[in-house]
Structures are given as structure tokens and as C-alpha cells.
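Chemist: Letter by letter, the chains look like this.
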Amino acid sequence: MIVMKNVYKKYPNGVVASNGIHVEIEKGEFVYVVGPSGAGKSTFIKMMYREEVPSSGLIYFNNTELTKMHRRDVPYLRRQIGVVFQDFKLLPKLTVYENIAYALEVIEESPSVIRQKVTEVLKLVGLTKKTRMFPNELSGGEQQRVSIARSIVNQPKLVIADEPTGNLDPETSWEIMKIFERINAQGTTIIMATHNKDIVDNQPHRVIQIEGGLITRDENEGEYSNEI
Amino acid sequence: MKSRTVRRHIRESFKSLSRNGWMTFASVSAVTVTLLLIGVFIVIMMNLNQLADNIENDVEIKVVAEPGASQEEVQDLLKEVKETPGVAEVKYSSRKQELERMIQSFGDELALYKQDNPLGDALYVKADDPKNTASIANEIATYTYTFDVEYGEGKVEKLFNVLKIGRNIGLGLILALLFTAMFLISNTIRLTIVARRTEIDIMKLVGATDSFVRIPFMLEGVWLGIFGAILPMTLMTIFYSKLYDFWEGRLQNQLFHLLDPNPFLLQLNFLLLFVAVFIGVWGSFMSVRKFLKS
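As given, the protein sequences belong to chains A and B, one line each in that order.
Start counting the first sequence at 1; every next residue gets the next number (our numbering).
Start counting the second sequence at 229; every next residue gets the next number (our numbering).
These are computed hints drawn from the structure, not numbers from a lab.
Incorrect hints may have been included.
Said to hold, decoys possible - Result set (BS3-like, lysine-lysine): computed pairs, CA atoms no more than 25 Å apart in a straight line:
1. A/Lys10 with A/Lys68
2. B/Lys392 with B/Lys359
3. A/Lys117 with B/Lys342
4. A/Lys10 with A/Lys27
5. A/Lys117 with A/Lys89
6. B/Lys243 with A/Lys93
7. B/Lys392 with A/Lys89
8. B/Lys359 with B/Lys290
9. B/Lys290 with A/Lys89
10. B/Lys243 with B/Lys290
11. A/Lys68 with B/Lys324
12. A/Lys93 with B/Lys319
13. B/Lys521 with A/Lys10
14. A/Lys89 with B/Lys230
15. A/Lys130 with B/Lys243
16. A/Lys130 with A/Lys197
17. A/Lys10 with B/Lys518
18. B/Lys307 with B/Lys290
19. A/Lys46 with B/Lys518
20. A/Lys178 with A/Lys89
21. B/Lys392 with A/Lys46
22. A/Lys178 with A/Lys197
23. A/Lys68 with B/Lys518
24. B/Lys307 with A/Lys117
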């Protein structure tokens, strides 16, 4: 599904965030991306949905080469990828329902399809009773569930999560992880950057460790290294 | 674009105006204040321009025929003057009428000259373009039966220069004011859009195309322009109509006429509305473009 070949990324301030990365991620995989802060995890992830463009190298998403993709084609790539952030990125003035429906409105879905799909994902993340509430009336875990619901409402092939449990307590983090597992079980690829050792160790999946812009470890069913 | 999407953009643009209440208020106020300034300034400038036109159009050339010339010779001169290129209008005044005019101006003592009128017949000539007055006067001066040509030589040129400078200054000031308005309004809009950067980021993230992001913001710009223009347009209409009625009605001023509210007010309001909407859309477009690129 995702192939990176010799990807190198240097920011204008001289920081090298990616120093020749090679990786392949198959359809349906669940991948943790671990590593110390500033190691290049976020850049690694951002290049997948073309928020960042590498300085050199090639990135393929389902056989489409991303580095040469025209700006006007980027929205169509993003419609196949759901993104979840540590800080949720919800629109504070929209209700739970509106925040999720928003992702379908921008791709011009019909109101009946929007209603049906939003109701489905609300069930999946367990928020059917809070549809009319605003983000500031929800707990952190609930806000993250809205954010996840928004990322999957369009049935993307890939969900990318950047520290989705970073702002949550352990119990809530486990609930969020259960939702990701459920999504993954339906065949969606999940790539998750995380610092949560507890989750990586107790819910084993492939682990890619990044340090100094390089992949230093890539293990199936790996653990969160103590050295990080 | 689907009609459902168009309706959605319109609905969203209005919703977002009400959601961002204070920012909407700030932008609309900026439009209102600057348009009022522009409106007042245009009223002053256009009327001064009209005054300048009136003064220019009052400039005429007085051609005095040879006092000894016969009636036929004066007719020849009249014909010749009328055929001079650039001449718009010629009025004939006989030597008798000329003397009457002088008696009226300088008193009855001149009545003595009624016995032996020393004056020649006169022609009052207007140029189609007042700026050609000097060249036409010089041309007429060369005709056989021309005795003298007067047109305020030197003074007319100076007057035209002063009017030209005045007009240029006025135009410059209007342009400067328009530029300031564009800067002020687009900056206010930009501030309101900066505050909504997350909104744009999320739209991009979920796969909105650039035009899908841009259109609601530009529509907001249109509404901001229209709402901001309502007060200036209303005030200009009321006050200019009142001023016109007062000036032309009660004062019955002969010296200088204000521009007729119809069509002047229509043109002014149309211009204000156009400027407001243009600046609103342009401000939104430029601000959103910056975030779409980043």
C-alpha cells in the first residue's frame, strides 16, 4: 500500500528529518511508529498524506507516486486517507454530528448518504447519544472519538494517527485503541505514531523505530524499546 | 459544481458570518467607515470637477470686426469663423448692441458715442474643447476683417493649468483613499481568516479542493462588502438629496450648480457597492490563498 524509496527530507532551517528511508507497508497492516521526540516520526507520517514533500526519493501510495503529484490532485489522495491528531483538530463551533458530516460535505456527498454514514460511525465509536454536543462539552477521550469518526467516515483505505493517545489517561487510551483495532479488523491499514509503551507492548503489532531520520528497527510484533 | 454545493456554500457563508460575530462586525465597520470617506470625497471632487467644467466652458473668444467693415464683409468674417476647425458656437453682436452693453457697464456718459459709434461688430466664439481656445483665437486673428481678438490671453492658460492640477490632485487623493480602503479592509478580513486557520487546515485534511475552501470565504467577502456598503449608500443618498434641495431650492444659487442627484447618486452608489464587494472578495481571496498554499 505504501512504499518509500530512499526518502530524504531536509527542512529550510537545515534540519534533516528523513535521511534515506526505505519501507514497505502492506494493505491491512497495523503499524506503530516509535522513536524519541524530534526523530522524524511526524515528518515520516506527514509525507504519506503529502503534507510534506521529500527533498528526494520516491513515495508510492497504491502505486501512485506522491512526490510528483500535482497540487490539485492532493485533495483526492486525502479522501483515501483518514488522519487523527493528538490535539483532535475539531471545529469548536460545530456539533459532534456536524464535525463528522463535514468530511463528507467537502467531498460533495448527498445529504442522505451523509446521514447514513455519520450514524454508522457514531455507533462504531459509541457516541450516538452526544451528536448534538459541542467539542468543549466533551471529555478528551470523547473528542478523540469524534476525531476518529471523522477520519473513517469516508471509509478510507488508510488511517494515520499522530500520537492519538498523547493527551489521554491510560484507561481512555485503551478505549481509543479498541476502536482502532475494530477499524483495522475491517481491513483498514493503520499507521500510528506513539510514545505509549504500555499500548505497544500489550497490543503487539509491527513496530518501526525511527531515530535521526533513519529506520533503526522494523519488527513484526515488536516491543516499544526501553532505549527510547 | 452541483447546485446542492452552491446552496451549501451560500448557507455556510452566512452561518460563518453569524458564528464569527465580532469579526464580521469589525470587517463590516471597516468597510462602512472607509466607504463613507470615499463617498464624501467623491461628492466633493465630482462637484468641484463640475465647477471646473463650468468655468472652462464659460471661456469664450471675443472677435471684433474692423469698425469700417461693411455688412457683407462682417458676414464673410462670420462665415469664416464658423468654418474654423474646433469652433462650436458663434454668437453675433452688432456694434449697436456692443455699445449698449458698454453703456450698461460703464454708465450713461458713453451715450455720447451713440452719434458716432467707434465700435466694430463683435462675434463671441466658443471652442468645442476649451483647451483649444488659444489656437483658435490665433487662427481667427489672421482673418482679413478681424480687428481684434480677446480671450484673456495668459489668464486662460493659467486658469486651465490650475484646474488641471486641481483635478489631478483630486484624482490622486481618491486613488490614495481607495488604496487605503483596500489595505484596511483586506487586512481586517485577513485577521478574521487567520483566526480560522484551523478550519482551512481541516478542510484541506479531509480532502476539500482549493475552490471548495475558497468559495465560502469569497462569498463571505461579498456579504461583508454589501452589508458594509448599505449604511454609506443610504447616508450619501439622504444627505446629498437634502443638500441638493437646499442648495438649488432655497439658495437658488446661480454661481454654481451641484450635480443632479439623478443620475449622480445612482452612479455613486453603484460605484460604492462595486468597490465594497470587490474589496471584500479580493481581501478574502488573497488571505485564503496564502493559507491554501502553505
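Chemist: Does each hint hold? Answer for all of them.
Modeler: Taking the hints in turn, this is what the structure says about them:
About 17 Å separates the Cα atoms of A/Lys10 and A/Lys68, which keeps this hinted pair within 25 Å; it holds. Under the criterion of a C-alpha separation no larger than 25 Å, the hint pairing B/Lys392 with B/Lys359 is consistent with the structure, at around 11 Å. Pair hint A/Lys117 plus B/Lys342 does not hold up; C-alpha atoms about 106 Å apart against a cutoff of 25 Å. Distance hint between A/Lys10 and A/Lys27 is unfulfilled; the C-alpha atoms sit about 29 Å from each other, more than 25 Å.
Among the hinted pairs, A/Lys117 with A/Lys89 is consistent with the structure: their alpha-carbon atoms are about 20 Å apart, no more than 25 Å. A hinted pair counts as satisfied when its Cα atoms are at most 25 Å apart, and B/Lys243 with A/Lys93 qualifies at roughly 10 Å. With a C-alpha separation of about 59 Å, the suggested pair B/Lys392 and A/Lys89 falls outside the 25 Å cut-off, and the hint is violated. Between B/Lys359 and B/Lys290 the CA atoms are separated by roughly 16 Å; this keeps the pair inside 25 Å, and the hint holds.
Among the hinted pairs, B/Lys290 with A/Lys89 is inconsistent with the structure: their alpha-carbon atoms are about 82 Å apart, more than 25 Å. Of the supplied pair hints, the one linking B/Lys243 and B/Lys290 is violated, its CA atoms being roughly 69 Å apart against a limit of 25 Å. The suggested pairing of A/Lys68 with B/Lys324 is violated, with an alpha-carbon distance near 93 Å, which exceeds 25 Å. The straight-line distance between the Cα atoms of A/Lys93 and B/Lys319 is roughly 76 Å, outside the 25 Å bound, and the hint therefore fails.
Only pairs whose Cα atoms come within 25 Å are accepted, and B/Lys521 paired with A/Lys10 is accepted, the gap being roughly 19 Å. Of the supplied pair hints, the one linking A/Lys89 and B/Lys230 is violated, its CA atoms being roughly 28 Å apart against a limit of 25 Å. For the given pair, A/Lys130 sits about 22 Å from B/Lys243 by alpha-carbon distance, which is consistent with the 25 Å threshold. Restraint check: the Cα-Cα separation between A/Lys130 and A/Lys197 comes to about 31 Å, which exceeds 25 Å; the hinted pair is violated.
Proposed proximity of A/Lys10 and B/Lys518 is supported: the alpha carbons are some 23 Å apart, at most 25 Å. For the hint pairing B/Lys307 with B/Lys290, the CA-to-CA distance comes to about 15 Å; that is within 25 Å, so the pair holds. Only pairs whose Cα atoms come within 25 Å are accepted, and A/Lys46 paired with B/Lys518 is accepted, the gap being roughly 20 Å. Distance restraint check for A/Lys178 and A/Lys89: the Cα-Cα separation of roughly 21 Å lies within the 25 Å cut-off, and the hinted pair is therefore satisfied.
The suggested pairing of B/Lys392 with A/Lys46 is violated, with an alpha-carbon distance near 61 Å, which exceeds 25 Å. Between A/Lys178 and A/Lys197 the CA atoms are separated by roughly 16 Å; this keeps the pair inside 25 Å, and the hint holds. In summary, the hint linking A/Lys68 to B/Lys518 is supported, as the alpha carbons are separated by about 22 Å, within the 25 Å threshold. This hinted pair does not check out: B/Lys307 and A/Lys117 have alpha carbons roughly 90 Å apart, beyond 25 Å.
Violated hints for the displayed structure, listed by number in ascending order: 3, 4, 7, 9, 10, 11, 12, 14, 16, 21 and 24.
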